[in-house]
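J.: Take a look at the letters that make up each chain.
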Amino acid sequence: MNQPSLNLWVIPLLPLIGAAINGLFGRRFKNAVVSTVALLFTAASLVWAVHAVWTLWPGGDRPYIETVATWITAGSFSAPFGFYLDQLSMIMVLVVTGVGFLIHVYSVGYMAHEGGFYRFFTYLNLFMFFMLTLVLANNYLLMFVGWEGVGLASYLLIGFFFQKDSAANAGKKAFIVNRIGDFGFLIGMFLIIQHFGTLNYADVFGKIASGHYTPELGWGLFTAIGLCLLFGATGKSAQVPLYVWLPDAMEGPTPVSALIHAATMVTAGIYMIARSHAIFNLAPHALEIVAIIGCLTAIFAATMGITQTDIKRVLAYSTISQLGYMVLACGVAAYAAGIFHLMTHAFFKALLFLGAGSVIHAVGGEQDMRRMGGLRKKIPITFWVMTAATFAIAGFPPFSGFFSKDEILGAAFHNHFGGPVLWVIGVITAGLTSFYMFRLWFMTFFGEYKPGAIDEGEEAHAASAPAHVAHTAASHSHGHADDEAHGHGHVHESPWIMLAPLVILAVLSVVGGWVGIPQFMSGGQNHFEHFLAPVMESGPPTSTQAAVPVTGNDTISTHAGPPSEENAGQEWLLAGTSVAAAVIGLFFAWLLYFKRRDLPGLIAAKIHGIYLLVLHKYYIDEGYGAIFVKPLLALSTVVFWHGVDQGIIDGLVNGAGSTSKGIGNELRRMQSGNIRSYAAWVAVGGAAVVAIMIWLGVGK
Amino acid sequence: MVPLSWYLILSAILFSLGVFGFLLKRNIITIFMSIELMLNAVNLSFVAFANYWNTHPAKLASGANVVPLSGHVFVFFVMVVAAAEAAVGLAIIISVFRTRETLNVDQVNLLKL
Chain A
6 MNQPSLNLWV
16 IPLLPLIGAA
26 INGLFGRRFK
36 NAVVSTVALL
46 FTAASLVWAV
56 HAVWTLWPGG
66 DRPYIETVAT
76 WITAGSFSAP
86 FGFYLDQLSM
96 IMVLVVTGVG
106 FLIHVYSVGY
116 MAHEGGFYRF
126 FTYLNLFMFF
136 MLTLVLANNY
146 LLMFVGWEGV
156 GLASYLLIGF
166 FFQKDSAANA
176 GKKAFIVNRI
186 GDFGFLIGMF
196 LIIQHFGTLN
206 YADVFGKIAS
216 GHYTPELGWG
226 LFTAIGLCLL
236 FGATGKSAQV
246 PLYVWLPDAM
256 EGPTPVSALI
266 HAATMVTAGI
276 YMIARSHAIF
286 NLAPHALEIV
296 AIIGCLTAIF
306 AATMGITQTD
316 IKRVLAYSTI
326 SQLGYMVLAC
336 GVAAYAAGIF
346 HLMTHAFFKA
356 LLFLGAGSVI
366 HAVGGEQDMR
376 RMGGLRKKIP
386 ITFWVMTAAT
396 FAIAGFPPFS
406 GFFSKDEILG
416 AAFHNHFGGP
426 VLWVIGVITA
436 GLTSFYMFRL
446 WFMTFFGEYK
456 PGAIDEGEEA
466 HAASAPAHVA
476 HTAASHSHGH
486 ADDEAHGHGH
496 VHESPWIMLA
506 PLVILAVLSV
516 VGGWVGIPQF
526 MSGGQNHFEH
536 FLAPVMESGP
546 PTSTQAAVPV
556 TGNDTISTHA
566 GPPSEENAGQ
576 EWLLAGTSVA
586 AAVIGLFFAW
596 LLYFKRRDLP
606 GLIAAKIHGI
616 YLLVLHKYYI
626 DEGYGAIFVK
636 PLLALSTVVF
646 WHGVDQGIID
656 GLVNGAGSTS
666 KGIGNELRRM
676 QSGNIRSYAA
686 WVAVGGAAVV
696 AIMIWLGVGK
Chain B
335 MVPLSWYLIL
345 SAILFSLGVF
355 GFLLKRNIIT
365 IFMSIELMLN
375 AVNLSFVAFA
385 NYWNTHPAKL
395 ASGANVVPLS
405 GHVFVFFVMV
415 VAAAEAAVGL
425 AIIISVFRTR
435 ETLNVDQVNL
445 LKL
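If you read the sequences in order, they're chains A and B.
Just so you know, the first sequence maps onto residues 6 to 705 in our numbering.
Just so you know, the second sequence maps onto residues 335 to 447 in our numbering.
The hints are simulated quantities; they were obtained by calculation from the structure and are not laboratory data.
Keeping only pairs whose Cα atoms sit at most 20 Å apart, straight-line, the calculated SDA-like set for lysine to any residue is: (1) B:359 / A:679; (2) B:359 / A:685; (3) A:212 / A:91; (4) A:177 / A:637; (5) A:455 / A:498; (6) B:446 / A:680.
Which residues of chain A face chain B? A few of them, derived with a C-beta cut under 8 Å, are: (7) 681; (8) 684; (9) 688.
In this text, a Cβ means the ideal position worked out from N, Cα and C, and glycines have one as well.
Chain B extracted, bound-state conformation (with noise of 0.2 Å):
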């Protein structure tokens, strides 16, 4: 069995390796694919969490069970938003693309052109 902590590990280097992506990439394309990997990396420890619910069931201070499928759940959301969103900034990025010839971020930090 492998222990909570390695998967909360895990996830925060992944998590650290999308902010740092995010920050220190100009490519808009490569910021999206780290924007993917912070939510990525979220899942893992929602779905880590909810594993680790199953096996040590908990109560909550008002008494009721811990429903250890939320943590799924979220998972399945947070998928259905990131697909969207995928379709939607890489339609603008195709678009800015278009008008500007560049995926630099720095050349397009203005709304006009």
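Same shape as in the complex, but just chain A (with noise of 0.2 Å):
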């Protein structure tokens, strides 16, 4: 290593001083201070990411790695504190640092009237830091470190106006569901060490490389370790069946929705599975499972988007939508097309909870769409950010979504572990994306403003609703209560300070997919595809090779080799077709949600029970309860609280007292104060030694 060291240390460090310096001393600090202080950290750390990232560009030894201390070391196996910087890691350093720092920047105007600033830029700072742990680590385990931190931090800001019951359950929800997701990270890593003694990225991935595992260790073991692991990464990035915890996330402040649970976070598991990829490629099975998860979420998510009216809760199902598809990547083997589209998510979901987080703003607090309306002219730069972020997700060509989209959309038909049913699944999931953005995007910016009031054709069926959807939709109008003065009469852009990010997230939104541009188009390669190449370059093994134990490095690319003309043509078929049902989704909420308003009442009467299904998001939370939750605290309060904490181990301490207790009310008589007591005592003491003395015969 002949580089100069870059101290990859600082990144996440210089955040981790931000959150020590307001944690303990922001109480007292004004509130300038304090975002000054959280903002100056933050940029510091994009500022040596930058750098770093900068050194190694021109081609420097890479992945590049640094050892900074020992962290345990155990026999033969040990774990550093050391750091990792390739091309997958700076990808993700870049997004953290660059989107967290312009979401701070939006926080400072947005907490501005929230009690507790100081807090909240404490928590934001201390999960910048975790998050950067996690992606900048050399091993599992330091990554497992930044895994659990983040979650801790994001069930902080879950949790933040704890005032409120729905807030601090929320919290403790996404906590638990990430809980049992960490649980099969964790047997995964027990399995690599078993069988690789380690667990840093490169020992690991080298050894498979190698093939220096031994014989036994085959197809089964990989497959395994990939579902374990892929487990964890469905509670971290909200995959079914774990995906619940996300829209109640979003009782947390609309900043913390942005960074948390759109951009960064619940990304990590999508970067976790990127960066196993050579234990996946060895794992077809598992890899199947991940691609199976992926589009599951992806289309069951987008259909009960359609349905939700808060405006954040639109935004969530959309992310577990979108996560689903950089997971059904990662499914097909084309890591380097989820990473892609997890940066430009990054980028136009942000935007879009900030953009919402504006909205709200502007109204006062209120989160129900159907009490929105006709904010275009009121807020046009708003509007005009959020329309970018829409056209992005929604997949029009040339904002960024479209490129990743089509990338992913394209390498689930092509690849080998692709087929056109992954592809067909995905192609409609992008056609109710495309509607459910266009429906939000129509219901918030154009018609009447209507604060107070509640279209008709969908009040009928909320009434119709049990209590607690029409519940949600009350309460989420959460913390902007200080807003209230502000009144729904006077609807107003946001201040500066929260447009600026905005917009350079909408220009990121637009252009940030221009680095992968396919080769079909500007006939030049990928570049993003390209720059990501050394680190995916052990692709999957063919199925004739994944049905026999791998001896060596035989495994072949499947970076969907340069297509030749004719694949051209299908190339503009497939990116066509996507963009199709993107139309085919505008035209949809421009039908419904525009030109006859009073249709989507109608259609919701006609299909009643399939509206109600998914209006309830299909019971999942309900039946989760009732199949978990309920029999677990059932257990938990008859069997373990009441048997074994009040019975057994209560009865064990308590009953100790109380023996105590009695033994010395007995004995007690015997301290009487009586002196002639005391002596009859010492004299029967004394017989009592004579008689012990002639009974065992002492002396003889």
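Mind docking these for me? Both chains are given alone in their own frames, and the hints should help you get the complex.
T.: What follows is the structure, given as structure tokens:
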């Protein structure tokens, strides 16, 4: 390693210092000081990250590995505090610090009227620290530290308005559901330790690549590790079956939703899968399941997004759906496409959330889209940036989402692990995405502004729905109560400190996809994929190789080899289809939510059963409640609480107490204070000693 | 020759009388007398043993001769101490009776008046 040290450890450490300063002393600081500290350290981290990437850019030694200190050494196993920078983590670190910084800036404006200003920025900086640890770690264990840490930060920030029961509960739910996934991750790590004796990326992947694993270490093991890691990813990245926490996580302040629950933390699972691609490539069955889960999540969440009326919840389901796309991309071994979508998604989804925050800010804390409308003229800048983001996520060219989504759909169609079924579902999801996003767009920005009103068509159903749905919608107008002073009548554009990040993100949402223009369009190579290629170079084996254990490095590249002329035609067709799906989605959204506003109600009435099913999110939450939560709660209450805890443990402790108390109560009678009774005890004692001596025959 | 055990049985009877007198009587003087009885029961066993060792010379484990006189000496010590105790004790009893006008121990169980 002949390079100058990059001191990568500084990148995560800077936000930690910021968190420490604000956390320890922030209570006494003015808001301006708090935000300066938070912004300064985040910006410094961004600058350092850019510097590190810049130094390595011209093609220095990659991956760049730096070991700061030894953390754990146990026998032959050791886990260092080490950092790892290759093309993959470069992208991640830039996205995290860049988007993170913009959201910090935005938060200064958004949180200005909220209590706990310093607390918010402490948590936000803490999150940055853990997230950067996660992406920069050079071994799974350190990654796991970041993994758990972002979960903690997420918990703290979801429950930021902790006076509200719903927020506190949402925080708990997120944490617990994530813990279930973490369990899978842990088991996966244990398997890796057991069979490779190390958790360092370089060693593990090196051993895999050189075939230095033992012969009995066959496909089953890689499948097992892959599935365990995947289970971890389903928790963190909100995939089926563990996605349920993410919609509830919208209880947190909107910048948090943007940073943690859209742009960065939830992509950790994707990053982890992409990072472990060497393992997944050797486990075709695991990959298959990854693809199926991604696909299911994508379409499932998209349908749920259609009926939501809370602006943030629509975006939450959209996030789940887009994460499903990324997982799908990983599942068809198109990791680069997944990461590409991760990056563009970070831009446009952060923008959508921040824009939604700006809308909510503008209408005084209202989150129900049915009470919005006609905001186009009132908050023009927000409208335009939201428009850019909406077109980007819907996949219209030349917006960024088009390129990344097209890349994934193309891979789903072509790649060895893909297939027409995955592709069809992907395209349908694209259409649904376009539909619900334009539904949001039309409902929010077009038509008449009607504070306090609810569309008659939808209201009938909201009324017929169980009370909690209506309640959710109402209770979601969270802590912006301070803004209530502005009133509904006075819709106002957000201050520039909030708008500037929006504009920057809007530009990125538009042009961010241009780094990955596919080969068949530009004629040149796909820069993004080419950039990531060294990391992802070992592709999955073919199916015949998959059937027998591989002994060496006989894997082939799946990077959808250079398409020939006829392939290019097919590519154009695929791209055209996904755009057509987006246009159809747009058309229906326009028809239903702009042209004929009475239609949604009529349709919902027509298919009442299905509508209710979707409105209640397929009763998944209720199902989990009935299947897992209630029995577990009952078991815990009856057996562990009343039985083990109160019965046995408390019984032992209290029993020890009451026994000594009882004995003492009896012995107390000896201490009568009567001299003669003491003398009697002495006499009895003496007699007893004599009796024992006679009995034992002492002295014989 | 009276065997040792007889002396010891007599001593035990006297000692037990002393103990029960001490425990059951409430009059301070009777209690005092019971204590004297116990002391003298012990004295009796001392001299009985001393006499026994005189007639049955024995060697200690170290090889030295048992000095039979030690039993007698103890008796003298006990008598001296008992005499001193009687002097002090009777003085206290007189003092107690003067201040409290009773010799019932259950009524003089407080140091404070």
